[in-house]
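**Q** Line by line, the protein sequences are chains A and B. Read in order, the letters of the first sequence are residues 1 to 237 in full-length UniProt numbering. Read in order, the letters of the second sequence are residues 1 to 211 in full-length UniProt numbering.
It is possible that some hints are incorrect.
Claimed, not checked - For the chain B half of the interface with chain A, some residues (derived, Cβ under 8 Å), not all of them:
| # | residue |
| --- | --- |
| 1 | 15 |
| 2 | 24 |
| 3 | 25 |
| 4 | 35 |
| 5 | 78 |
| 6 | 79 |
| 7 | 82 |
| 8 | 104 |
| 9 | 110 |
| 10 | 141 |
| 11 | 148 |
| 12 | 193 |
| 13 | 195 |
| 14 | 200 |
| 15 | 209 |
Claimed, not checked - Covered by chain A, per the in silico footprint, the following chain B stretches (three or more residues, Cβ under 8 Å):
| # | region |
| --- | --- |
| 16 | 94 to 102 |
| 17 | 149 to 163 |
| 18 | 166 to 172 |
Unchecked claim - Negatives, chain A to chain B, calculated, CB over 10 Å:
| # | residue |
| --- | --- |
| 19 | 65 |
| 20 | 69 |
| 21 | 107 |
| 22 | 113 |
Hints listed in this document are in silico derivations from the structure and should not be mistaken for laboratory results. If you're wondering where the values come from, they're calculated on a predicted model, not measured in any experiment. For glycine and all other residues, C-beta sits at the position ideal for the given N, C-alpha and C.
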Amino acid sequence: MTTSDPPNDVHPPHLYPPYASSVKRAPHELLMPLPTALRDHGGPVFSPSRLRPDDHDATRNARVNGEPLGERILVRGRLLDAAGRPVRGALIETWQANAAGRYVHGRDQHDAPLDPNFVGTARMLTDEHGEYELISIRPGAYPWGNHPNAWRPAHIHFSVFGTNFTERLVSQMYFPGDPLLAHDPIYQGIPDPQGQQRLISRFDLNLTEPGWALGYRFDIVLGGQHATPFEDPDHDD
Amino acid sequence: MTRRSSAGPLTPEDSNIPDGAFGPSPSQTVGPYFHQGLVHGFQGYERTAGTVLVDPFSVEAQGVPGERIRLTGHVLDADGEVIPDALIEVWQADASGRYPTDPDAAFSGFARTHTLTADARYEVHTIKPGAAGPDAAPRLLLWVGLRGLLTHLYTVVYFSDEDNSRDAVLRDVPEARRPTLIAQRLDAPGGVTYTFDLRLQGEGETVFFTP
Chain A
1 MTTSDPPNDV
11 HPPHLYPPYA
21 SSVKRAPHEL
31 LMPLPTALRD
41 HGGPVFSPSR
51 LRPDDHDATR
61 NARVNGEPLG
71 ERILVRGRLL
81 DAAGRPVRGA
91 LIETWQANAA
101 GRYVHGRDQH
111 DAPLDPNFVG
121 TARMLTDEHG
131 EYELISIRPG
141 AYPWGNHPNA
151 WRPAHIHFSV
161 FGTNFTERLV
171 SQMYFPGDPL
181 LAHDPIYQGI
191 PDPQGQQRLI
201 SRFDLNLTEP
211 GWALGYRFDI
221 VLGGQHATPF
231 EDPDHDD
Chain B
1 MTRRSSAGPL
11 TPEDSNIPDG
21 AFGPSPSQTV
31 GPYFHQGLVH
41 GFQGYERTAG
51 TVLVDPFSVE
61 AQGVPGERIR
71 LTGHVLDADG
81 EVIPDALIEV
91 WQADASGRYP
101 TDPDAAFSGF
111 ARTHTLTADA
121 RYEVHTIKPG
131 AAGPDAAPRL
141 LLWVGLRGLL
151 THLYTVVYFS
161 DEDNSRDAVL
171 RDVPEARRPT
181 LIAQRLDAPG
191 GVTYTFDLRL
201 QGEGETVFFT
211 P
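So here's chain B without its partners, still in its complex pose:
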């Protein structure tokens, strides 16, 4: 049996959303099993989906300018326990501070990973973003969804070796909490690594943003 060819535009009568109830669809948790749909090659099931979007670089990305970095860390709950079922997405500008808009660009500015790893640590391989303007320090936007979060969270990640004092976003964050947004640089043998833990609740709670 083959499927029906695509019909024309849908009419309002076709909708599941009743008349007068139009509005945003609510968020729901990603749950603990998102790897199946959102992570490439999970449990050996490479066949089941096209190229999944875990890597910000295309195969042609050798010449993409910028410092190669790793961003890594744990996601922690109120008790300081590591969370092994967090989904992490990174959205960022390229090394010149521009957000990619071409779907075939060698550098997409988007990466996705998770914490179902040996030590529940996420790790993103990317390039260090450039500053997006005179009142902005280099930064990236980090999205987190997990079991227990019905609505996802955002945070903004800065770099410990940059002058962050000029950043207008960071200036609006209470001074005592700003350190929760700074990734710490380590010049490790494997390359430049920035460590950035997210603490969802309690002492040292990460500053989170809502759209």
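For reference, chain A alone in the conformation it holds in the complex:
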């Protein structure tokens, strides 16, 4: 894989057998390029009135009787388009496990505690510089059933709307130096090593708030209209 590969190679193939759930859920037929008639329409735009002041702060927005447990983190980054320009006023939504590696979800049966003061969701709009800020708790790793002794690396899910349909992105932010990344098929399914690198946040002591929270940088780049449409060559590898 080299930097001259088409931008679409950044995204994981649909069928990736090491990720067991993909085997019966990935399309087998060739995908068709999204027609220009549909690509060119703007995506949805969201009014600031839909958000509340604490929505970006997962350490506050679900408090019942105190601070959530775990290592407080502050994540700041930019949302950029493929040309490096800031994407302003875009909605970013996040969700994650708590410090013990447990989601607030009826189907999460991991034997780890729930935190009464933490749900792990946040949302924000990017500002005039394309920047966002998330305040949260560092999520724990957790076991899953993909293969024997499978553990997901610590991660925060990011859902991002760009300026049109082709920029819709759901991704995950990982943490630097996590030994589980080498064993994770969801992360390893990304074909481009540089693409993998882009999903790892960077610890930043300058962003770290003394006595309060560790700082991480996490910029997100949307593919969008600069990507060349073509039939997915990875669909049945």
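Please build the complex by placing chain B on the supplied structure of chain A, with the hints as guidance.
**A** Okay, now just chain B, sitting in the frame of chain A:
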């Protein structure tokens, strides 16, 4: 402790993306637990997030023109098993064929739902879109993400009671596969319902598109 006020623009040295590695951030699966972050009121946690975007209509939407419809169906895997952890988003024009661009519009053209329901069926309440041009039939774009999909998929939904032969997008789809893109109209007692199943793999596989 209060948080630091927002700083100015970030410099490239601040980025997690190394020099020379600039490019699109890769997609990752929504996983099985997206409801927590993307679905309003899941498990009673209404407090934790502002108004979530599951309904294409604002509260002032009574006067929005157009035929009220339900779009509903199952998402099926290679074995025909229903998938109870699919995230569905709909993007569409209004009844006159225009895509809304005003963030405060009464009709946003965007809806989100999921299949963690009693019978694993998704259901979107919206209006029937108008045709966006002379070579277009009424249609909407449907986005699907789920556990097992590292990169989401799109499909285009047409309506069984429309003349779809003029649609330039549908004409590019092999004829034998076009029926996978047609939602079937049912005039049910509860209102007009269109059923649209997505089959991810195998016999009758839905036509999917990639950006």
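**Q** Taking the numbered hints from earlier one at a time, note which ones the structure violates and give those numbers from smallest to largest.
**A** 7, 12, 13 and 21
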